[in-house]
Amino acid sequence: MKISGYKFGHPVFGLDDYYDFRPDIAIEQKVENEDLVISSSRFDLGDNQKLRELIENEDAHIVTEVFCTYTMYRKSFNSKDGINVRIPLKNLKNRLEILYFIIANKDIEKYSNDAIKQSLRNQNFYIEKGDILAMLGEEKVTLDVSTSMDSIVKIRKSDNNETPTFYWNESSIIINLPNSSYIKLEKFKASLDYQKILVSSILQSALIHACYKLKTDGKYSEKNWHKALLIYWQKYNNQSESPSEEEIPEFVEHMLKKPFRLLIDTIEEVDDKIRNTQD
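Sequential numbering from 0 applies to the sequence shown in numbering that gives the first Met the number 0.
These aren't lab readings, by the way, just hints derived from the structure by calculation.
Hints are supplied without guarantee of correctness; some may be wrong.
In silico BS3-like pairs for lysine-lysine, Cα to Cα no more than 27 Å straight-line [to be verified]:
#, residue 1, residue 2
1, K139, K92
2, K214, K153
3, K109, K92
As the structure is a computational prediction, the values presented were derived from the model and not from experiment.
Given these sequences and hints, build the entire structure.
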């Protein structure tokens, strides 16, 4: 469904070839009464009065195209007033690809638009019915994924391991601890200080390893932990589908809310408590 990068022979709002500004669109998705609701909280075409007139006169309409890569559900939704789509969740699973654009409803022989770049305003363009007049955005949405750290990473006891190991083939990242280490860890669970140290050491290490495995169509792409980490990444940096090797350390720091600093601060707090006890 991806069409970014495609070259059009006529002005397409949202692409830099013809316009010096872009539409200002804010879109959100939420689950409501067993439906996925996709709606625009902000829909501003700026100074593009021509497109507004075409939509108001029903010579063009706003289109939301939804494709589910798991169930193969595909449908286009038309509107003339922003974006407002409702789809039963029973038709969807895992991942969606969504495109938002404005489509011509009829042939336009001499199309011109005062909002395009100054050097092109004297040109006329032939528009066929069904041609794209504006690209409002494209995105990938993941459903049914918990993004809490408790669901992304789980710690288990292993009778066979002498050293900690990671397991990637389940919904969560599994950290297998030797039996003796696991028993010691259980003793510390009630302490907030030790929980902070746990986050800074064990979870940080697991997430760094996991981020090296993040590929959109990779071996683990259907695992929930993989989807959850990509959701975190898209919120952190939506300029690429997954982090590069250079971006992974800073990304993990962001997810765990600066664990290195937390580790230093916690050690200092524990040291102060010990000193105060000894005084």
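To see whether the hints hold, each was checked on the structure:
For the proposed pair K139 and K92, the alpha carbon gap of about 13 Å is at most 27 Å, so the pair holds. For the hint linking K214 to K153, the alpha-carbon distance of about 21 Å falls within 27 Å, and the restraint holds. With a C-alpha separation of about 43 Å, the suggested pair K109 and K92 falls outside the 27 Å cut-off, and the hint is violated.
When held up to the earlier numbered hints, the structure conflicts with hint 3 and nothing else.
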